[in-house]
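S.K.: With my numbering applied, the sequence shown covers -9 to 173.
Keep in mind that a hint or two might mislead.
[Said to hold, decoys possible] Heads up, simulated DSSO-like pairs for lysine-lysine below, C-alpha to C-alpha not over 27 Å straight-line:
#1 Lys72 to Lys19
#2 Lys172 to Lys158
#3 Lys19 to Lys62
#4 Lys172 to Lys19
#5 Lys(-2) to Lys62
#6 Lys163 to Lys19
[To be verified] Have a look at the derived ranges for each label pair, beta carbon to beta carbon:
#7 Arg0 to Gln126: 21 to 31 Å
#8 Glu143 to Asp78: 33 to 43 Å
#9 Gly115 to His32: 33 to 43 Å
#10 Thr144 to Glu98: 21 to 31 Å
It is worth saying that the hints were derived from the structure and are not from the lab. Just so it is clear, CB atoms sit at the ideal spot from N, CA and C, and this is done for glycine as well.
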Amino acid sequence: MRVIAGSKRRLQLQTVPGMTTRPTTDRIKETLFNMIGNDVYHCRFLDLFAGSGQMGIEALSRGASYACFVEKDKRALACIRKNLAHTDFTNESDVMPGDVLICLRGIEGAEAFDIIFIDPPYQLGVERQVLEAINQYGLLHEDGYIILEAALETDFSFLEQMPYEIIKEKCYKTNKHLFITKQ
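Please model the entire structure based on the sequences and the hints provided.
M.R.: Written as structure tokens, this is what we have:
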């Protein structure tokens, strides 16, 4: 796994040993960041269920002004911190250890985020709760959007009852990215 583009292009990143985190492949990461293009430049990026931190680090490398990483696994947290030190992005970032829903409550009232990336463990079923918390705590900038990574078969019909709408969907072999904005 590596940084694809930007100021830290080609730097290798560490991953968490084992299968607890399911890192996004370089190919999918490159496709995703090509889709969001210039939106990353000077944005505030929130990386939920951050794993190794590769998505937020890619955003920083491509010009994001700030990234916040939320993760509860202790090995993943150590990996994020090592990757931030290796890429020299510790000053542009914060790492929040703990459960995503508790951490979201903890950053209520902070400056809103332009891009929120959510990659929960598949089949955990927390997508609705996380989206509700983001809305309740006012964490998404009015012009911002959420990118949600999920298994292909994940049902998002619950979004019809929420103040969100899907503006784009990109499907891959086994997963998909939903681009969601507030209505």
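S.K.: Taking the earlier hints as the rules, which of them does this structure contradict?
M.R.: 7
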